[in-house]
Amino acid sequence: MIYAFVFGKNWKLSLAEILSYFEYREIKWSFVDLSKKAIVVDTEISPQDTISDLGGTLKIVKIEKQFPFAELFSQDFGDWTERPISVYGSYKLLHNIRKVFNIVPKDKVLSHTEIISKGLKESALIFGLKTCYWGKTVAVSNPFGFKKRDIQKPAQRTRLAISPSRARILLNLSQAKENVLDPFCGVGTIAVEAIFHGIKRVYISDYDKEVLKDAEKNVRWAKKVAGSNAKVIIKHCDARKISECFSKVEAVATEPDLGVSLKRRPSKADARQIILYLKPLYKKFMNSLRDCLELGGRVAITLPCINSKSGKVYAGKFFLGYELVDPFESIAQRYREFLKLDGKTVLDEEREKGVKRNVIREFCVYRLREKATKK
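At position 101 of the sequence shown the residue is numbered 100 (numbering that gives the first Met the number 0), and the sequence of numbers has no breaks.
Hints were generated in silico from the structure; no laboratory data involved. A portion of the hints provided could be inaccurate.
[As the list claims (entries may be wrong)] BS3-like mimics (lysine-lysine), calculated; alpha carbons at most 27 Å apart, straight line:
(1) 370 x 176
(2) 316 x 282
(3) 267 x 278
(4) 146 x 355
(5) 8 x 107
(6) 129 x 107
(7) 135 x 35
(8) 8 x 355
(9) 27 x 64
(10) 147 x 240
(11) 247 x 282
(12) 64 x 147
(13) 222 x 247
(14) 278 x 230
(15) 316 x 278
(16) 343 x 355
When you get a sec, could you build the whole thing from the sequences and use the hints?
So, in structure tokens, the structure goes:
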């Protein structure tokens with residue numbers, strides 16, 4: 000079957016998650032096409048189960064027709080010409096599309112929220128590199144699920160802390176199957192998503208004893224709502240000495256301290272000072288983790304990128320014993336060049352809930368290649 004996975008706002012992050020998900024779930028697939036709006040693949044999946052597992056995919060479309068755009072008028076779409084259609088890419092050609100399809104949304108696409116709330120059935124027209132793909136939308140991400148969990152859990156996260164959907168993306172990037180560790184757990188957003196994701200053993204810790212109480216409340220709530228029997232181990236622990244608290248973990252999904260919340264863009268010198276202050280925390284944590292993370296295990300982590308007055312200032316990416324994973328390794332070089340997929344990390348959106356972030360998340364995935372040398 001040919002399916003198109005329609006990306007969320009951050010198309011690179013959505014793509015990285017999908018490719019990682021295919022890999023660790025051992026889903027056989029072959030590449031068909033790719034744009035900044037969607038990836039088209041040949042695979043056998045349960046669309047609804049798959050989209051429920053993902054945090055950054057908006058829709059899955061079952062492709063029924065492939066054709067050059069010049070042949071649009073010769074295609075038979077049946078009574079679907081009288082139903083809503085979402086158009087992804089080449090908006091300059093909307094005039095021609097409206098000659099074939101009578102219900103093209105004003106904003107070109109129906110949101111996944113609108114489809115669910117109104118119970119609509121839609122098709123989608125997706126532009127690839129040189130080919131058009133048309134099909135019926137067979138699965139839609141349910142944003143109300145993430146929002147409900149975020150609002151209803153007993154202890155709330157701070158406004159700019161990681162969201163449930165981003166937490167789910169981190170989990171898929173970590174490729175955790177049996178167990179996962181979040182050593183900077185805060186109120187437990189990643190742990191909650193791990194429980195709903197079906198991970199059986201969840202390890203969480205934090206240096207703040209008070210915030211651990213909130214995390215414990217949220218974990219109990221999540222297990223009850225999800226009907227989960229997951230074993231959650233909660234420890235008060237300094238992440239710089241994480242191996243003293245946990246002996247063996249399969250994978251890590253975490254968001255550490257990203258620095259102070261900045262209301263204004265700092266100077267480049269001040270931004271560098273903030274990064275310099277955080278660097279020992281990250282370095283000591285990653286070094287201690289080498290004692291308890293399985294060889295080959297992944298660390299999906301967000302690091303700060305500070306939007307200074309003179310440009311972006313990044314945190315260092317090198318950690319002894321680890322290699323930075325290329326999330327787009329399976330994409331053909333000509334697509335990588337055309338779409339500028341030339342980095343191994345992905346920057347998050349610069350705005351969240353209408354608020355411009357001066358500290359931007361940079362999603363990184365590391366693989367442990369060398370255990371710490373025993374003294």
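Going through the hints against the structure:
1. 370 x 176: Distance ~21 Å between residue 370 and residue 176 Cα, so the pair holds.
2. 316 x 282: With Cα atoms ~10 Å apart, residue 316 and residue 282 stay inside 27 Å; holds.
3. 267 x 278: The given pair, whose Cα atoms are some 16 Å apart, holds under the 27 Å limit.
4. 146 x 355: The given pair, whose Cα atoms are some 21 Å apart, holds under the 27 Å limit.
5. 8 x 107: Satisfied, since the Cα-Cα distance of roughly 15 Å is no more than 27 Å.
6. 129 x 107: 20 Å, holds
7. 135 x 35: Holds: residue 135 and residue 35 sit about 20 Å apart, inside 27 Å.
8. 8 x 355: 15 Å, holds
9. 27 x 64: Judged against 27 Å, a Cα distance of about 22 Å means the pair holds.
10. 147 x 240: Not OK: residue 147 and residue 240 at ~35 Å, beyond 27 Å, violated.
11. 247 x 282: Distance of about 19 Å is within 27 Å: holds.
12. 64 x 147: Violated: residue 64 and residue 147 sit about 36 Å apart, past 27 Å.
13. 222 x 247: Within the cut-off at roughly 23 Å; holds.
14. 278 x 230: 32 Å, violated
15. 316 x 278: Satisfied, since the Cα-Cα distance of roughly 10 Å is no more than 27 Å.
16. 343 x 355: Between residue 343 and residue 355 the Cα gap is close to 24 Å, so the pair holds against 27 Å.
In the structure shown, a violation is registered for the earlier hints numbered 10, 12, 14, in ascending order.
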